[in-house]
Amino acid sequence: NAGVTQTPKFRILKIGQSMTLQCTQDMNHNYMYWYRQDPGMGLKLIYYSVGAGITDKGEVPNGYNVSRSTTEDFPLRLELAAPSQTSVYFCASSYRDNEQFFGPGTRLTVL
Amino acid sequence: AQSVTQPDIHITVSEGASLELRCNYSYGATPYLFWYVQSPGQGLQLLLKYFSGDTLVQGIKGFEAEFKRSQSSFNLRKPSVHWSDAAEYFCAVGATVGGADGLTFGKGTHLIIQP
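Those protein sequences? They're chains A and B, same order as listed. According to our numbering, the first sequence is numbered sequentially starting from 949. According to our numbering, the second sequence is numbered sequentially starting from 12.
Wrong hints could be hidden among the right ones.
Said to hold, decoys possible - In silico lysine to aspartate or glutamate, EDC-like type, Cα no more than 16 Å apart, as pairs:
| # | chain 1 | residue 1 | chain 2 | residue 2 |
| --- | --- | --- | --- | --- |
| 1 | A | 992 | B | 96 |
| 2 | B | 79 | B | 31 |
| 3 | B | 72 | B | 99 |
| 4 | B | 72 | B | 96 |
| 5 | A | 1005 | B | 99 |
| 6 | A | 992 | A | 1007 |
| 7 | B | 118 | B | 99 |
| 8 | B | 118 | A | 1007 |
| 9 | B | 118 | B | 19 |
| 10 | B | 118 | A | 1027 |
| 11 | A | 962 | A | 1027 |
To be clear, the hints were calculated from the coordinates, so they are not data collected in a lab.
Isolated chain B (complex conformation) (with noise of 0.2 Å):
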């Protein structure tokens, strides 16, 4: 069965600094990822995913994501981050393309913008 760890429960970073969210994931396959934001009572959005190809992914917001096979991982990242990002943030993994099956997601991060 497939998992997700995210190791931080909370980031919290200055206002314009850049950003880094740690994905472990497992999964026997090749895996399909996700991540995906929410701010405080609401759903969740799709940031970006990672089906195949380019190992280096673009999604919304100026985020962006790099899957490496070798370590497991599909950490998200953002250069300059503003005080909008703050909210909880999720990495999931899916068996099958588009997550036909349902997804796995890890616990979350907290994210803290400090001005």
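One chain only, chain A, in its complex shape (with noise of 0.2 Å):
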């Protein structure tokens, strides 16, 4: 197994740019979660989903979209970057009754 796996590695976007964060996990886990993690502040809940065709937003949802299509995948959209979105972005995957799988990150850049 894989786990939990996270592309780009890295990206450096202008102000305005769009792009997709794409997560995978492939332990046939029903929720998935997206967090950001700014220096200081631990990790803050984006979205999250219990099962495909399922989302919902967690603590700081505000410009980020997310859609459920398959048990699978869970891609992060960014539609118009600000300097605010600079971040470690986290992907996340569990198994009703246990705990998170974390993916390696995303590191982004919004200049």
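Using the hints, build the complex out of the two chains.
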């Protein structure tokens, strides 16, 4: 099992550009999550999904969109990148009644 | 809404010494508690978790944590640290088993190991 994989690992965007952060898990987990991690602030939940076709907002959803068309994939979309979205983004997955498994992260810089 | 406080931003410990990292949580019902470790440039790895039952839980890498409901605490301990334990440690609380609607994380404690 590869676990949770994220692409790209690094990305620099210009203000106003858009991009999609990819997340795939091969553990057949129902639940998937996107977090952002800012220095000294821990992780904050952006969006989560409890299964294909079902998504919900977390603590900091503004400026982001998600979709969940399959169990394996949970992409995160930034439509109009802003400097405030400079962060490290982590995708995670879990099976009901179990802990969350995290991907290696995507480091995004918006200039 | 739940919250997690890790009062120590940085902790420095000598190699071979004991370690305790503090975590206090705020949640109205029975919490589901986790400790994660993050090495530089890496993702998060689960050290241990508490759902119910025995309040002293054992984890990987020789770590343990004790749930104290009366103090709303879930402190992480290790009897003897190794240089490889230097990392960022996060305490987290979930409102449901497995954190199905996401986890709330503390801001983390940066552990420095002195030779």
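Sort out whether residue 99 of chain B lies within 16 Å of residue 118 of chain B, counting only the CA atoms.
10 Å, holds
Taking 16 Å as the top limit, are the C-alpha atoms of residue 79 of chain B and residue 31 of chain B close enough?
14 Å, holds
Is residue 118 of chain B within 16 Å of residue 19 of chain B, Cα to Cα?
9 Å, holds
If you draw a straight line from the CA of residue 118 of chain B to the CA of residue 1007 of chain A, is it 16 Å or shorter?
Holds. Residue 118 of chain B to residue 1007 of chain A sits at ~15 Å (cutoff 16 Å).
For residue 72 of chain B and residue 96 of chain B, compute the direct alpha-carbon distance and say whether it is at most 16 Å.
With Cα atoms ~9 Å apart, residue 72 of chain B and residue 96 of chain B stay inside 16 Å; holds.
CA of residue 118 of chain B to CA of residue 1027 of chain A, is that 16 Å or under?
28 Å, violated
Can you confirm whether the C-alpha distance between residue 992 of chain A and residue 96 of chain B stays at or below 16 Å?
24 Å, violated
Taking only the CA atoms, is the gap from residue 992 of chain A to residue 1007 of chain A under or equal to 16 Å?
7 Å, holds
Measure nothing beyond the straight line between the CA atoms of residue 1005 of chain A and residue 99 of chain B; if it is 16 Å or shorter, mark the hint as holding.
27 Å, violated
Please work out if residue 962 of chain A and residue 1027 of chain A have their alpha carbons no farther apart than 16 Å.
Judged against 16 Å, a Cα distance of about 12 Å means the pair holds.
CA of residue 72 of chain B to CA of residue 99 of chain B, is that 16 Å or under?
15 Å, holds
Of the numbered hints stated above, those contradicted by the structure are hints 1, 5 and 10, listed in ascending order.
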